[in-house]
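Letter by letter, the chains look like this.
Protein chains: 4
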Amino acid sequence: MKKIKMGMIGGGIGAFIGDAHRRASRICNDYELVGGVFDINYAKSMEFAVKEGISLARCYNSVDALIKGELKFPKNERMEVVAIVTPNAYHYLFAKKFLDNGFHLVCEKPMTITVKEALELEKLVAKNKLTFALTHTYTGYPMVRQMRDMIAKGVLGTIQRIDAQYYQGWINSIIHGTGSRITGVWRLDPKMAGASSCMGDIGVHAFNLIEYTTGLEVKEVLSDLNSVKDGVTLDLDGTILLRFNKMLKGVIRSSQVCAGEENNLSIAVYGSKASLKWSQENPNYLYMLHDSEPTKVFKPAHGYNDKLAEEGHTMPAGHPEGIYEALANIYRGTAKSIRKEKFKPGEFPTVHDGVRGMKFIHAVVNSNAKGNVWTKV
Amino acid sequence: MKKIKMGMIGGGIGAFIGDAHRRASRICNDYELVGGVFDINYAKSMEFAVKEGISLARCYNSVDALIKGELKFPKNERMEVVAIVTPNAYHYLFAKKFLDNGFHLVCEKPMTITVKEALELEKLVAKNKLTFALTHTYTGYPMVRQMRDMIAKGVLGTIQRIDAQYYQGWINSIIHGTGSRITGVWRLDPKMAGASSCMGDIGVHAFNLIEYTTGLEVKEVLSDLNSVKDGVTLDLDGTILLRFNKMLKGVIRSSQVCAGEENNLSIAVYGSKASLKWSQENPNYLYMLHDSEPTKVFKPAHGYNDKLAEEGHTMPAGHPEGIYEALANIYRGTAKSIRKEKFKPGEFPTVHDGVRGMKFIHAVVNSNAKGNVWTKV
Amino acid sequence: MKKIKMGMIGGGIGAFIGDAHRRASRICNDYELVGGVFDINYAKSMEFAVKEGISLARCYNSVDALIKGELKFPKNERMEVVAIVTPNAYHYLFAKKFLDNGFHLVCEKPMTITVKEALELEKLVAKNKLTFALTHTYTGYPMVRQMRDMIAKGVLGTIQRIDAQYYQGWINSIIHGTGSRITGVWRLDPKMAGASSCMGDIGVHAFNLIEYTTGLEVKEVLSDLNSVKDGVTLDLDGTILLRFNKMLKGVIRSSQVCAGEENNLSIAVYGSKASLKWSQENPNYLYMLHDSEPTKVFKPAHGYNDKLAEEGHTMPAGHPEGIYEALANIYRGTAKSIRKEKFKPGEFPTVHDGVRGMKFIHAVVNSNAKGNVWTKV
Amino acid sequence: MKKIKMGMIGGGIGAFIGDAHRRASRICNDYELVGGVFDINYAKSMEFAVKEGISLARCYNSVDALIKGELKFPKNERMEVVAIVTPNAYHYLFAKKFLDNGFHLVCEKPMTITVKEALELEKLVAKNKLTFALTHTYTGYPMVRQMRDMIAKGVLGTIQRIDAQYYQGWINSIIHGTGSRITGVWRLDPKMAGASSCMGDIGVHAFNLIEYTTGLEVKEVLSDLNSVKDGVTLDLDGTILLRFNKMLKGVIRSSQVCAGEENNLSIAVYGSKASLKWSQENPNYLYMLHDSEPTKVFKPAHGYNDKLAEEGHTMPAGHPEGIYEALANIYRGTAKSIRKEKFKPGEFPTVHDGVRGMKFIHAVVNSNAKGNVWTKV
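Protein chains in written order, with our numbering: chain A, 1 to 377; chain B, 1 to 377; chain C, 1 to 377; chain D, 1 to 377.
Be a bit skeptical, because a hint or two may be false.
Put simply, identical chains are the same to the list, so a pair is met inside one copy or across any two.
As the list claims (entries may be wrong) - The list that follows gives simulated cross-link-like pairs (lysine to aspartate or glutamate, DMTMM-like), each with its CA atoms no further than 25 Å apart: (1) K359 / E341; (2) K344 / E47; (3) K342 / E47; (4) K153 / E122; (5) K340 / E47; (6) K342 / E281; (7) K96 / E310; (8) K219 / D230; (9) K2 / E117; (10) K229 / E293; (11) K72 / E281; (12) K123 / D230; (13) K273 / D306; (14) K97 / E217; (15) K342 / D19; (16) K44 / D306; (17) K2 / D19; (18) K296 / E341; (19) K68 / E220; (20) K191 / D230; (21) K296 / E311; (22) K344 / E32; (23) K51 / E77.
Keep in mind the hints are simulated off the structure, nothing from the lab.
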């Protein structure tokens with residue numbers, strides 16, 4: 001089948017997330033990376049293109065140049081989709097330009113800096129009938145998809161409590177000057193990262209995972225954020241109380257300074273009939289708890305799973321797949337959408353998930369700023 | 001060595017917690033159960049005494065009768081300590097009588113119904129120089145004691161986040177009428193249980209574990225409680241934001257309606273240098289996380305542990321000990337205190353822990369009642 | 001209920017296994033330790049008796065003196081059962097004397113030094129209609145009992161493979177002179193331990209667990225033992241091929257020099273319909289594997305368990321019980337037998353299990369000595 | 001960098017292992033799949049080529065046609081390396097042809113049917129100075145490479161015991177007719193699979209993992225194989241005793257009929273100073289056990305790892321990578337060799353590993369056939 005021609009903004013030498021997107025696009029095998037603006041520094045961008053074997057003719061000096069250049073190609077040779085993997089502050093600006101010019105998009109989260117920008121992108125996507133995939137990568141894991149399917153089928157009964165956690169520790173050594181990591185530290189700069197570090201970068205993943213797996217919307221939040229150390233201006237840590245409806249509450253806990261935690265994203269959804277628990281660091285295990293039956297452990301590559309969960313794991317049972325395959329699953333779903341093939345909701349997170357995420361981040365920041373009060377999402 | 005003569009109030013036929021206390025007292029081998037008031041129904045109390053091989057002469061009709069009867073014995077034959085294992089509402093009344101008459105006490109938690117009662121007991125204990133052990137049983141686990149020791153020694157550096165959880169599911173089947181369990185349901189009755197079900201019964205254990213392991217005091221709480229189902233008057237579920245000082249925040253999450261959860265009490269303490277995690281259902285594993293070193297797993301019966309942690313596990317390494325041994329460790333420490341032997345702080349929870357627990361429960365209930373506002377503990 | 005008067009041979013100050021027996025007997029609450037010969041040194045034996053609060057009148061100078069002394073008591077005051085917790089070499093001699101004189105026995109394993117002795121004890125027990133419990137402690141765990149019940153009910157279909165492991169590491173530091181442990185080293189002395197160290201001390205537990213859980217008999221073994229270091233005369237390590245019948249084979253792996261292993265006894269039984277796996281260090285989890293269904297995790301204190309498994313765990317679900325409770329369950333079953341109450345096969349290991357164990361040890365040692373050839377058990 | 005032009009023999013529609021090789025080659029990004037013989041049926045082969053977007057001009061009718069066709073290309077456009085992913089019986093024949101004609105090879109294991117064939121290939125590779133990678137995929141996991149590095153550095157002291165396991169269950173439902181799986185059943189046919197099913201397919205992986213991680217050679221084996229069900233001619237299950245030297249023994253246990261086991265390959269290496277344990281289903285955890293220190297858990301993406309282990313994991317810590325990335329690491333090392341770049345031993349398994357594997361399989365089959373006797377490898 002003909003590959004979709006893809007471009008990339010950001011993701012040059014040394015950028016781990018850009019590399020992840022490229023790997024994922026190669027794994028699913030629906031894409032061909034044909035060009036981009038890989039670095040704000042043109043020389044470095046070209047150095048990267050050469051290294052990757054990408055034609056310098058399509059290694060552009062700017063997003064504007066890229067759009068101008070690509071539009072000159074006949075449609076079947078033109079770049080169809082662009083992956084935006086820059087720091088947060090540029091997402092909106094670039095996304096808007098691409099959408100205005102008919103390019104499909106894959107965009108890193110958080111989608112924008114403000115809710116207003118997010119809503120604007122949502123409108124543009126709808127108006128121009130384009131595909132917009134927001135890489136909440138964790139929704140690409142087969143067992144997360146299985147969890148969503150089981151909840152949708154009512155296996156849990158009435159949901160009574162939701163608890164999500166996202167603990168990392170990598171900023172701990174940065175604020176204490178004990179580590180050597182430098183990449184990614186733009187996340188502590190409000191100009192680059194937006195109004196939040198911890199909640200904007202990872203708390204929003206936990207939020208997304210809740211809405212993705214349960215199909216519910218968080219109505220209100222009450223947050224208590226912590227910048228942990230004098231001189232830090234953004235939140236590095238916090239807890240968020242959630243309300244869904246009168247009888248359903250929940251909590252998100254998130255931190256970037258939990259020494260020794262790596263990427264500990266977990267979710268537990270407790271229902272009147274049963275409960276489900278999943279954890280990102282061991283993504284191939286989904287635990288179903290029950291009041292009076294043995295705990296059941298669901299794993300990929302078994303006939304008992306939903307079709308979407310099954311398709312997301314290609315090896316036989318017991319051969320662990322990981323984060324790249326999760327992202328590849330999202331790229332796969334995005335390709336179906338771009339090609340106008342049939343796909344199921346949930347095959348990739350959309351611009352609407354991006355709007356929800358921005359509303360969440362802003363409600364969380366506001367709740368905290370106003371003294372920990374309930375704030376609508 | 002001569003055994004300490006012990007009495008028991010409550011804990012008759014079918015009461016699991018009374019049985020637990022008796023087993024623990026036998027394991028540590030410092031006590032001899034000589035009498036008590038085992039049931040509010042005298043006939044049933046006597047039936048229990050006969051079954052246990054306890055002299056009917058010391059199976060009393062009431063607490064007053066017991067006190068009167070025992071005081072007639074010469075000092076070296078008299079009951080020295082009494083274990084109170086009744087529903088919460090009776091703790092204070094009985095405890096006061098015993099303390100007034102010179103009996104040492106082991107008391108189930110929560111210690112009282114009101115903070116005022118708790119403070120009164122605290123004064124009485126001090127005044128009459130008696131031993132008062134509150135059975136926050138989980139502090140008896142060797143790895144919890146090891147955690148406390150490591151934190152006291154500064155292994156974690158500055159503590160930056162504390163997260164404790166206590167999830168159970170047993171009330172789920174009760175409120176939905178799908179289970180068969182009847183015992184313990186007095187916990188849903190405010191007259192018997194006090195102002196809180198979930199937080200009074202189990203949330204307070206999580207609170208105690210935090211203060212026990214870190215040596216810190218929770219200053220303020222903001223709680224959001226949930227009674228989950230129409231018609232239920234007490235909290236069955238909730239989340240509590242914690243503040244220790246300007247830069248240290250935390251959270252307690254607790255529920256009695258998490259379908260399929262058994263007794264999932266866990267604590268994570270995150271510091272600037274390292275972190276510690278422990279979980280009650282696998283109590284012989286203490287995890288130490290570090291930014292740049294392999295995770296370390298501490299286990300009982302190793303020379304690397306603190307002396308108190310080591311003494312609390314008597315089998316060689318790899319032979320799991322459990323909840324009865326944890327409670328036995330507390331009984332052991334209590335015996336040392338009664339016998340005026342030397343003991344270390346932390347060998348048993350005291351009346352002061354009971355005061356802290358009551359303050360916590362009331363702050364939590366008030367914070368929620370007032371609309372989720374910060375409330376001093 | 002009246003307690004059974006118990007004596008003990010061995011188990012004085014510093015002996016961990018004697019202490020374990022006493023704790024277990026107190027937990028189940030059916031016994032009263034009234035006397036014994038606690039040490040080969042009479043002064044030390046008396047020192048222990050004083051410490052434990054046991055009457056010096058029943059702290060005897062020798063087994064013969066004990067028998068003579070106790071037989072003078074009227075039957076309802078006489079010691080009824082004796083626990084033998086001495087080094088292996090004395091088991092047979094003492095057991096024979098007690099059986100000849102009408103005492104019930106609890107005996108540590110391995111039961112004797114030779115198969116002949118074991119067969120003789122088996123005959124004596126039958127002839128004198130006495131209760132003889134051999135403390136293969138691990139059969140007292142509720143989930144081991146559940147495993148036995150499920151296999152007996154045919155849940156696994158035809159058994160196709162059996163794999164048991166018992167890895168410890170404590171002798172490693174002894175042979176390399178890097179540890180400080182001295183107790184228990186008699187196990188390296190053939191005069192005290194018999195023909196085998198590793199297989200006689202722990203391999204035989206794995207063997208017993210196989211026959212206990214499956215109800216099958218091992219017909220032949222082929223062993224390859226290893227003494228690991230020059231100068232060591234007994235096996236410290238080895239692997240044993242097992243044959244049950246034409247189509248069913250298995251393996252036991254056991255070692256005392258696996259650095260860092262604590263008490264890693266595990267068993268996996270694979271059947272045509274499903275499989276079961278259990279591991280001693282996390283004894284409250286029983287895993288059931290299936291070709292096309294999620295793995296199921298069975299835990300104690302649930303209605304789905306067999307009655308015997310349920311009775312062996314007294315706390316509510318999620319409160320871990322451990323090795324002392326397992327041994328207490330065996331003491332409980334033994335008490336039922338002594339009191340002529342009804343009990344189920346499997347409530348305690350019998351003299352027949354002892355005979356099987358001795359046959360196993362000798363077949364294993366012979367197979368190895370003859371150059372790793374198949375040897376009948 | 002210019003991609004290496006790759007061909008593939010086998011691996012057409014429905015073949016999972018061929019797909020795995022292609023994914024891995026795309027992940028490491030050093031290869032471009034330009035042609036092949038994807039199916040024994042030419043029409044199906046072409047169907048596959050079309051689907052994958054491979055030029056039909058390089059979709060050949062046979063291996064001979066491929067060699068002839070490719071040799072016509074100028075060197076810098078010619079296929080340089082071929083991946084052989086057919087059933088075992090064809091490996092040797094095709095490999096020989098390719099080596100004779102100067103093609104580098106990636107070959108699935110077991111490498112050949114006979115030891116003689118294996119030795120012949122080894123000579124050819126040496127003579128023609130070609131790169132030959134045998135896909136013992138599990139050696140591509142970062143924590144396996146870390147294990148090898150730590151052992152080479154002497155962290156374990158003298159190795160005292162080695163225990164490897166490879167349990168699967170997928171053939172269970174086939175022999176009992178309860179499953180629906182059909183693919184892969186050629187493994188039960190001696191003409192296609194060679195002299196062994198279980199040991200040739202998976203036991204040999206366990207063997208390879210032992211020699212890879214320890215750098216030791218197995219000298220002798222004594223095997224006991226089991227065909228489990230009447231009518232099955234090859235082994236589906238078995239245990240193999242291993243001897244390395246006088247004081248070092250070990251065991252491999254392997255089965256394809258362990259109901260519910262997925263891909264449970266594990267290895268434990270026990271040394272005089274410490275021990276290491278690793279398990280394929282949770283490949284990002286390497287456990288180091290010690291007699292008197294806490295167990296340490298090594299994970300990828302940490303500075304404490306060896307360089308080769310670190311390079312094999314590209315995401316930040318806590319983002320699990322899996323089997324495809326392991327295979328990609330092997331493809332990466334192979335590319336270095338093809339390009340004459342510097343690489344370390346262990347970056348990919350070689351033709352010598354293939355010779356060792358064939359010697360192992362044949363020793364195992366012979367030991368069993370002769371009545372479970374020691375047989376040289």
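What hint numbers does the structure not satisfy? 1, 2, 4, 6, 7, 9, 11, 12, 14, 16, 18, 19
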